[in-house]
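Peer 1: Protein chains in written order, with the numbering used here: chain A, 3 to 307; chain B, 886 to 1179.
The set of hints was computed from the structure by calculation and includes no laboratory data. Treat the numbers as computed from the prediction; the structure is a model and nothing was measured. The beta-carbon is built from N, C-alpha and C at its ideal position, and this holds for glycine as well. One thing to keep in mind: the hints can contain errors.
Said to hold, decoys possible - Distance condition first, Cα-Cα at most 16 Å in a straight line; then the derived EDC-like pairs of lysine to aspartate or glutamate: (1) K995(B) with E1013(B); (2) K1122(B) with D1095(B); (3) K1008(B) with D992(B); (4) K1050(B) with E1039(B); (5) K1010(B) with E44(A); (6) K1008(B) with D117(A); (7) K1016(B) with D967(B); (8) K1010(B) with D117(A); (9) K1008(B) with E982(B).
To be verified - A short list of chain A residues far from chain B (calculated; beta carbon distances all over 10 Å): (10) W36; (11) S37; (12) G57; (13) S61; (14) R80; (15) R81; (16) D130; (17) V143; (18) I148; (19) W186; (20) R235; (21) Y249.
Here is what each chain is made of, one letter per residue.
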Amino acid sequence: MNDQSNTQVNAASVALNSQKAEPAVISATRPFYWSVRRELWEHPSIYLAPLAVAGVTLSGFLIASLGRALTTQDLALRRQILEEPPLFAALLVMLAAFIVTIFYCLDALYGERRDRSILFWKSLPVSDLTAVLAKASIPLVAIPLITFAITVATQWLMLLVSTAVLAGSGLSVATLWTHWPQMWLMLLYHLLAVHSLWYAPFYAWMLLVSAWARRTPFLWAFLPLLVCSFVERIAFNTWHFAAFLGYRLSGEVAGAELKAGSMAMDPTMFTPGRLLSSPGLWAGLIFAALCIAAAARLRRYRGPI
Amino acid sequence: MACIEVRGLRKAFGTNIALDGVNLQVEEGRILGLIGPNGAGKTTALNAILGLIPYEGELRVLGRNPWIERDQLMCNVSFISDVAVLPRWIRVSQALEYVAGVHPRFDRAKAEGFLAKTTIPHKSKVRELSKGMVTQLHLALVMSIDARLLVLDEPTLGLDVLYRKQFYDSLLNDYFDRSRTIVVTTHQVEEIQNVLTDVMFINRGRIVLDSSMDELESRYLEVTVHPEQVAATRALKPIHERQAIGRSILLFDRRANQSIDRQQLAELGEVHTPSIADLFVAVIGNQQAQGAAR
Chain A
3 MNDQSNTQVN AASVALNSQK AEPAVISATR PFYWSVRREL WEHPSIYLAP LAVAGVTLSG
63 FLIASLGRAL TTQDLALRRQ ILEEPPLFAA LLVMLAAFIV TIFYCLDALY GERRDRSILF
123 WKSLPVSDLT AVLAKASIPL VAIPLITFAI TVATQWLMLL VSTAVLAGSG LSVATLWTHW
183 PQMWLMLLYH LLAVHSLWYA PFYAWMLLVS AWARRTPFLW AFLPLLVCSF VERIAFNTWH
243 FAAFLGYRLS GEVAGAELKA GSMAMDPTMF TPGRLLSSPG LWAGLIFAAL CIAAAARLRR
303 YRGPI
Chain B
886 MACIEVRGLR KAFGTNIALD GVNLQVEEGR ILGLIGPNGA GKTTALNAIL GLIPYEGELR
946 VLGRNPWIER DQLMCNVSFI SDVAVLPRWI RVSQALEYVA GVHPRFDRAK AEGFLAKTTI
1006 PHKSKVRELS KGMVTQLHLA LVMSIDARLL VLDEPTLGLD VLYRKQFYDS LLNDYFDRSR
1066 TIVVTTHQVE EIQNVLTDVM FINRGRIVLD SSMDELESRY LEVTVHPEQV AATRALKPIH
1126 ERQAIGRSIL LFDRRANQSI DRQQLAELGE VHTPSIADLF VAVIGNQQAQ GAAR
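Isolated chain B, as found in the complex (with noise of 0.2 Å):
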C-alpha cells in the first residue's frame, strides 16, 4: 500500500489556486523531496496531506483520510512544520512528559538519550533555547515516535549551516530506516541532494516532475563547453543553457530528445549529471518564461 496517495487535489484560496489538481503517490520506504518556488503550493499540500487544512480531491495517508482522521493519523504520522511552532513557555521536560503522556507511540527514554547529546538543559523554557537548540528538542521529540511517515516542512529554516548538516545526518543515521517514509520541503535544495530518493517540483500548484532520484540521473545529463562547441550542441536541443566563466553549460532531457546518449555529448565537451538545484532553474524557469511569454 502506498503510503500517500493523492488523486485530483485542489485547493483554493479565494481566487488564488495554491493547489491544482495534484496527483501523486509516494510508497513507503522514500525520501521524497518536494520542491517548488515561493508560493508554489508545497504548504498547502503538506497541509492537506496532514489535515490541518480541508480540500478537494481524493487523499488517502496510511489509508486514512487526514481531514477527517487527523487525530488517528497523528499516532502514524510526525511533522515539523517549522523551527517555529513549540510553544514558547513550555519548559524541555514539560514538552517530554506531554508528547509522553498523549502519544502512544513515543519512547521518552530515547528522547532523552537526544536530548543528552545536546546542551539543552531539561529546565529550561523554549523561549530562552537558541533557535538551533529549539530545533534539535523538536527533532528529538518527533525522532522518539514510533511513525511511518515523518513530514518536514523548511525544517532547517533559519539555521547555520552546522545545525543543518547535523539535522539532516542525525535523521539518516538515527531515524531513517526502510520502512519509514520521509518526506521534506526546503530551499536548501544542495543539502538534500544526497538524501533523498525521489524529488517532486511543484510549480503553480501542479506536479511538474516526478521522479526517483535513479531515474533522474540517467534521464538528465548536462555538458560544459567551450564557446567554439556552443553552436553544434545547441542542434541537439538542449532544455536549458546557462553561462560559466568563458563557457556555457547545456542541459539535456534524454526523455524528450531520445537520440542524445552520453558519448555523443562527451566528444562536445565534459558531461555530469545535473544537480537538483540546476534541474530546477531549467525546469521551473523554463515554465515560468514560458508563463511570462503567455
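Excised from the complex, chain A in its bound form (with noise of 0.2 Å):
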C-alpha cells in the first residue's frame, strides 16, 4: 500500500518536474486519530454525561444505601441491600450514554455547518469520508468503551466500599467478588453487541440526517418514523413498522436482553452465534454502511448554513 503511494507521488514528480516536492505521505490513521481526538474535544460531555450520573448514584450509594445497610441488624437484608446499587448504576450510566449519543449524532454534521466552522475543517487534507468515519466511530466504538470504563469503575468502587462494610459486620466477602469478573465481560459484550453493533443502523440514520438537514435535524430524524407508523396504521390499520422499530431498539436478538432488574446476567444471554446468524443484525449493518457513504457524499456538497 505504502510502496504504491510512493511509487505514485515519484511519478507525479517526474510528471510535474517543475513543481516542488510533493508533501510527505501522511498515513491514512493519522488524520483519522485525530479527528476522533477534535470530536472528544468538541463534545466533551460523551464522557461528562456519564461520569455525571455515575458520580451521582455513587454519592445516592454512600448516602442512602449504605445507611440503610449500617442500620439494619438484618445481616442478610445488609448484604441484599449493598448488592443492588452496581446494576442499578450500570442501567444508568447505559441510559445516560445512549441519550448523549442521539444528541451527538444529530449534531455531529449539522453543528459544524452552523458555526461555519466546517469550512475550516475542508482546509485542511482530511477527507469528507474520513471526517464522517471518525464521526460515526464515536457511537459504535468510543461511547461504549467510555461507558463500559466508567460503570465498571463506578461498580468496582462500590463493592470496594461494600466490602469493607460487609468484612466489618464479619460476613464473608468472597461471594459478592465471585460473579463480577465474568458480569464485565457480558457488560462489554452486550454494549459492543447491542450497543454498537445492533444499533449502528440507527446511529447512521441520525449521521445521516444530520448531514443533510438545514434546520433541526430532531425533527428530520424523528418525525418520518411517527409519520411512517400513523400512515401505516390509517391506511392498513396495523402498526408492522412500528413494532419493527420496537423490536430493533429492544436489542433482543443481540442475545443480551437487559431489562431493569435483570442485570444479573446469565451466560446463557452471552450467543454471539445468535447473534452473528440473525440476518437482522447484517441488514442492519449495511443500512448502517449505506447511511454512513451517503453522509459521507453529502458532506462534500455540503457548506455553512
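Make one complex out of these two single chains by using the hints.
Peer 2: Put into C-alpha cells, the structure is as follows:
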C-alpha cells in the first residue's frame, strides 16, 4: 500500500518536474486519529454526562444504601441492600450514554455547518469520508468503551465499600466478588453487541439526517419514523413498522436482553452465534454502511448554513 | 505550469447564474486580487477553486481537479474564507495540535513563533478571543503551512484598520516568497493595491478585466482638468468622468483609444495613474449602467 503510493508520488514528481517536492505521504490513520480526538474535544459531554450520572449514583449509594445497610441488623438484608446499587448504576450510566449518543449523532454533521467551521475543517487535508468515519466511530466504538470503563469503575468502587462494610460485620466477602469478572465481560459483550452493532443503523440514520438537514435535525430524524407508523396504521390498520422499530430498539436478538432489574446476566445471554447468524444484524449493518457513505457524500456538497 | 487554470467555468444556483463562463489563468508566484461588486461571483469562483462546490467547466489547481481531490489538494493549498470559521469551542493549543496532526506541511514551531508575537493565550478558547485575535490565530496557522497556493476570501472583513494593515504586512513579510501564489478578494481595494501583482475584475459572473499591475499602469491614465478644459478632454473619448471639487477627473483606456499619450493629456491637466478603486468604479460602473439601459 505504502509502496504503491510512493511510486505514485514519484511518477507525479517526474511528470511535473517544475513543481516542488510532493508532500510527505502521511499515513491514512493519522487524520482519522486526530479527527476522533477533535470530536472528543468538541463534545466533552460524551464522557462528562455518564461520569456525572456515575457520580450521582455513587453518592446516592454512599448516603442512602450505606446508611440503610448499616442501620439494619439483619445481615442477609444488609448483603441484599449492598448488592443492588452496582446493577442500578450500570443501567443509569448506560441510559445517560444512550441519550448523549442521540444528541451527538444529530449534531455531528449539522453543528459544523451551522457554526461555519466546516470551512475550516475542509481547508485541511482530511477527506470527507475520514471525517464522517471518525464521527461514526464515536457512537459505535468510543461511547460503548467509555460507558464500559465508567460503569466498571463505579461498580468497583461500590464493591470496595461494600466489602469493607461486610467484612466489618463478619460476613464472607468472597461471594460478593466471584461473579463480577464474568458480569463485566458480559457488560462489554452487551455494549458492543447491542449498543454498537445492533443499534448501528439508528446512529447511521441520525448521522445521515444531521448531514442533510438545513435545520432541526431532531425533527427530521424522528418525524418520518412517526409519520410512517401512523400512515401505516391509517392505511392498513397495522403497526408493523412501529413494531419493527420497537423490536430493533429492544435489542432482543442480540442476545443480551436487558430489562431493569434483570441485570444479573447469566451466561445463557452470551450468544454471539445467535447474534452473528441473525440476518437482522447484517441487514442493519448494511443499512448503516449505506447511510454513512451517503453522509460522507453529502458532506462534500454541503457548505455552511 | 500554471497554478490555477480555469476554462469555461459555469455555476448556477437555480436560475441565478453565479459564474458565466469564466476563463482565467494564474501563474505561480503572483498575488492576484479578485475584485468585484457584491454578488459578482467572487466567492463562488473561489469555492470552486477550493473544491467546496461542484461546477461545470474545466478547472485545474496545481494540476488537480479540486472537486474530486480536495483532500490531497489541501496539502498544498490553504485558505481563509472569512474571519468567523474557526470553531468557537476549540482551544488555541488544540487548534495547533490538530493542524499539526493532520497536515504534513505544517510547522508547529513557526506557528508558536507567530503566536508569541501576539497576546493570544494558549489556553483560551476561540470564543473568548476578540475578532482581531481570531484572525491573527487563523493567519498564524495558515502561514505556518508550507502551501503553494493561499486563497483569502475577505480575510479582513470586520477588522479595524490596525489589524488590517498588520494582516497584509505579515502576509508579505513573513509568508510570501516568489514561489507561492496568493489569491485574495476584498472590498477594501485601496489597502491591497500595493500588495498585488495582478488584478482581475469580475462582474455578473464574468471576468471583465484581467491584467498585471504593470500593464494596468501603462494602459490607464487619469487626468484632472479645470472646467474650461473639460470639453477638449471629452473629445478624446474618456471611458469615465467624475467630478471633484471644482474640477473633473477623466479616465482614459489607451487600449481603446491608442492615439492618446501622456504628453497630450499633460497639456490639458494633471496626469496620474488611476487607483484600482477608481478604475473599478469606472469599469464596473459603466457595465452596470449599460446593463440598466438594456
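Peer 1: Report the numbers of all earlier hints that the structure fails to satisfy, in ascending order.
Peer 2: 1, 2, 3, 6, 10, 11, 16
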